[in-house]
Amino acid sequence: METEPARDGRGRVAGEVGQALPAPHPPMRGLVAATLLWLTSSLILVGCSDPPPADPPPPGTIAFGVYGDGPYYPWEEPRAQRLLADAESAGVDFLIHIGDILGGSCADEQLHDIRVRLDEVPLPVVYTPGDNEWADCHAPNAGGYDPLERLERLREIYFDDPSSSLGAVPMPVTSQAKDAGFSEFPENVRWTRGGFVFATLHVVGSFDATAQFPGRDHRHDQEVARRSEAALAWVEAVFQEARAIEASAIVLAAHANVRLESGGGDGYGPLVSALRDHVAAYPGDVLFIHGDTHTFRMDQPLTDGKGRGLANFTRLETWGSPDIGWVRVVLDTVKGQVVEIEPRLMRRWF
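Position in the sequence shown counted from 1, then plus 65, gives you this note's numbering.
Please note: incorrect hints may appear among the correct ones.
Pairwise CB distance ranges (calculated) [stated by the list, open to error]: (1) ASP286 <-> PRO117: 48 to 58 Å; (2) TYR138 <-> GLU301: 37 to 47 Å; (3) GLU326 <-> GLN175: 31 to 41 Å; (4) VAL399 <-> GLY209: 47 to 57 Å; (5) ASP286 <-> THR358: 34 to 44 Å.
Rather than coming from a laboratory, the hints here were simulated on the basis of the structure. All residues carry an ideal CB built from backbone N, CA and C; glycine is no exception.
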């Protein structure tokens, strides 16, 4: 039987959810209002039941799932297993894991064990790192590692084949490691499906790994600068490809909450500025997915720099510990639209 620890200090109330949120035309622009209305009418106390089985994606659509930021603790493992079983039965083509694969030790054994578990998922899994598995590994309870050493090991263990996703049925991806000057970034990948361009960006929490800790030195600052340079170059490459193939929309996934509301404070300013410029000039829609702050939300916080919202940009954040759940996104490949956002939260206890 699964037991549950005391609720954390965020004061959040989450719902048991399993209904799809329709996206009226034009694509994504009506999703925020639909989400707020739906959440207001259907939030109930956590713990009653898992969501009912998902309806199959309609003809002419593809679906993918988003999850991450857990499980951190042994009592969350049963929900994580139910999450994966639910995703397998929901007709998704692939999963995107937005990072923070662990909540404690960063030891090699732990990293290898989680890699094995990800490779057992009967779907392609595209994983982008979070801060827990390398940037925060300096913490005593994580093992007191040098984050740079852990980052190197993470790349060796999880990105040994940059041309392929994880999962039991991996799918091909294009890695930034193929680009001249960025060979050390196998984790930044992109792929196309159904007229949409998808990409991951290695941008993490803990202020994008700029948080201070004993032993931090210039090498850690250089790593941040270099990774930021790679992320900005990758964003540009993704938008260039989307234009070249006349993609219907772009889906970007990163771990960090990059502070879109405040223009990218806490070290995320260059990325948010780049997103603003690219989105403003892009004729299609952009869905930006992240985790990090463990709160399911969907909104449109990106502005053009003059306080005017960019209507073709939508932010989606998935659940995180102590809430274990995932979000199904359904895309209409004919109309080139996001047609459903379906949050699916696993119950906390039996």
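Hint-by-hint comparison with the structure:
1. ASP286 <-> PRO117: 48 to 58 Å: holds, 49 Å
2. TYR138 <-> GLU301: 37 to 47 Å: The hint (37 to 47 Å, Cβ to Cβ) holds, given that TYR138 and GLU301 are roughly 39 Å apart.
3. GLU326 <-> GLN175: 31 to 41 Å: With Cβ atoms ~34 Å apart, the hint holds.
4. VAL399 <-> GLY209: 47 to 57 Å: holds, 53 Å
5. ASP286 <-> THR358: 34 to 44 Å: violated, 24 Å
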